[in-house]
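Q: So you can see what is in the structure, the chains are spelled out below.
2 protein chains.
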Amino acid sequence: MKRIKLEIAYDGTAYCGWQIQPGQPTVEAEMNKALSELLREEIIVTGASRTDSGVHALGNVAIFDTESAIPAEKICPAVNQRLPEDIRVQTSKEVPANFHPRRQASRKTYEYRILNKKVALPTQRLYANYIYYDLDISLMQEAADYLIGEHDFKSFCSVKTQATDTVRTIYQLNVTKNGDIITISVTGSGFLYNMVRIIAGTLLEVGRGAYPPDKLEGILKGCDRSLAGPTALAHGLTLIKIDYVSEEK
Amino acid sequence: MKRIKLEIAYDGTAYCGWQIQPGQPTVEAEMNKALSELLREEIIVTGASRTDSGVHALGNVAIFDTESAIPAEKICPAVNQRLPEDIRVQTSKEVPANFHPRRQASRKTYEYRILNKKVALPTQRLYANYIYYDLDISLMQEAADYLIGEHDFKSFCSVKTQATDTVRTIYQLNVTKNGDIITISVTGSGFLYNMVRIIAGTLLEVGRGAYPPDKLEGILKGCDRSLAGPTALAHGLTLIKIDYVSEEK
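Chains A and B are the protein sequences, given in the same order. Heads up, the final residue of the first sequence is numbered 333 in our numbering, and it's a clean run with no missing numbers. Heads up, the final residue of the second sequence is numbered 333 in our numbering, and it's a clean run with no missing numbers.
In case anyone wonders, no lab produced these hints; they're calculated from the structure. Nothing here was measured: the structure is a model prediction, and the numbers come from that model. Some clues are possibly wrong.
It does not matter which identical chain is meant; a pair holds if it fits inside one copy or across any two.
Derived DSSO-like pairs: lysine-lysine, alpha-carbon spacing no greater than 27 Å straight-line [as the list claims (entries may be wrong)]:
#	residue 1	residue 2
1	K201	K261
2	K325	K261
3	K244	K299
4	K202	K158
5	K86	K261
6	K86	K202
7	K117	K201
8	K177	K201
9	K202	K117
10	K158	K201
11	K202	K325
12	K177	K202
13	K117	K261
One chain only, chain A, in its complex shape (with noise of 0.2 Å):
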């Protein structure tokens, strides 16, 4: 018996997020479908990241066993004959039997991507999140900076969650623009349930002159989901790779 390591990109356009739902289309089922298909065995896979309904991933990570004798690295390019072209396993590896993609520490970076125009551009709609009006992005990373570091991010998090500890580290938050595409990036030791949408929707509402940059430091404190943005639009994210600090055996 082996575990598997897969680093694992898909256009979530299609799918209603990872995790399985019975009757709905999700990444989790299709991969399962396919490795299962490869292998001849059942494969039940683990994923790092459930990332929602319309999320999309260039780097999500999943695990499984499998007695198979096929090369772990011979799995990527044979599971992508067998999976839909919206879903693209980037790598496979074989990485210790204990090694769990939730349990480990690791750096996950997101990006939420924004396409700030007058009018909106038909080739980006499936991939950031359209906003006609102004936006300053000087505004929005003086804000985000306020979140920079280990806080309570309570404010930041769906009250639909079932976390009890809502302390994280965000080690980097950037707002940058190329053209008419606002990108913010960032990189945590873990993220709540909506909390990059939460955090852009909340940096949206800074950049369009409702917020001051400094209301930014009373959301954190006041740990009130109430206090915070919006969760903005579910297609502008991309969750863009897991860093993990020790895997490999």
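Keeping the supplied structure of chain A fixed, place chain B upon it in accordance with the hints.
A: Then chain B, alone, in the frame of chain A:
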């Protein structure tokens, strides 16, 4: 009566190209339908570039004549309310009654995008041609340089063309790389049927080492379609913009 010029962006994925074909979804048919509904008269647009099935646009151009009293600039936001979300008019303005988008002197810019990595990326699958083998962009640029200037591009034109004069001018032809994306950017006085896709297909042959760069000289001189490389896939191509030398009243 006034003549209105539109700049139109679209995602070509769902369309059988620009030009009306009975029973098929086309961008031209959607434009005529939305404008006719908005202006309450029968509108028939005339497009600048009859892009192929699957080709995208940021700035195709079309004109139409109308008796409507709606100010020209207001047509853009109003018609967008009636268009599907994969088509968006970017600008609308009045032009002289003798302005014609195909007969007026112009410079057209296209981009052909290639995703060059070992495994495909789902979020790029509709907007870049995925090539897994290594491509040498310095060889591609060396080959591209032979095409700059005024030449008979008969070798780079589909045999299905109706054009008799196959001389065109390429002002600029650059091959650049950003991360995993290689972009072939070309600006010319006009392009023959499939010309940009045949240029891209030929540069791909150079990039993978199948053709030496100086083979382009012989391909041009031969004036024979069979000498050039294959026609690259449509979905990598985007019509970026069309600049007219003069149009304003």
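Q: With reference to the structure, classify each hint as holding or not holding.
A: Here is what the structure says about each hint:
Taking the shortest alpha-carbon separations for K201 and K261, both the intra-copy value of 12 Å and the inter-copy value of 26 Å come in at or below 27 Å. Taking the shortest alpha-carbon separations for K325 and K261, both the intra-copy value of 21 Å and the inter-copy value of 22 Å come in at or below 27 Å. In the homo-oligomer, the alpha carbons of K244 and K299 lie at most 27 Å apart inside one protomer (24 Å), although the nearest pairing across protomers, at 63 Å, exceeds that limit. In the homo-oligomer, the alpha carbons of K202 and K158 lie at most 27 Å apart only across protomers (13 Å), although the nearest pairing inside one protomer, at 47 Å, exceeds that limit.
In this homomeric assembly, K86 and K261 never come within 27 Å of each other (Cα to Cα): the closest approach is 44 Å inside a single copy and 39 Å across copies. Within a single copy, K86 and K202 get their C-alpha atoms only as close as 53 Å, which misses the 27 Å cut-off; across copies the closest is 25 Å, which meets it. Taking identical chains as interchangeable, the C-alpha atoms of K117 and K201 lie at most 27 Å apart only when they sit on different chains, with a minimum of 26 Å there against 41 Å within one chain. Taking identical chains as interchangeable, the C-alpha atoms of K177 and K201 lie at most 27 Å apart only when they sit on different chains, with a minimum of 18 Å there against 42 Å within one chain.
Proximity of K202 to K117 under the C-alpha cut-off of 27 Å is restricted to the inter-copy arrangement: shortest distance 23 Å between copies versus 43 Å within a copy. Taking the shortest alpha-carbon separations for K158 and K201, only the inter-copy value of 17 Å comes in at or below 27 Å, while the best intra-copy value is 44 Å. Taking the closest pair of Cα atoms, K202 and K325 come within 27 Å of each other only across two copies (17 Å); inside a single copy the shortest separation is 31 Å, beyond that limit. Taking the shortest Cα distances, K177 and K202 sit within 27 Å of each other only across copies (16 Å), while inside one copy they are farther apart (45 Å).
When the C-alpha separation of K117 and K261 is checked against a cutoff of 27 Å, the pair qualifies neither within a copy, at 40 Å, nor between copies, at 36 Å.
In summary, the numbered hints that this structure violates are 5, 13.
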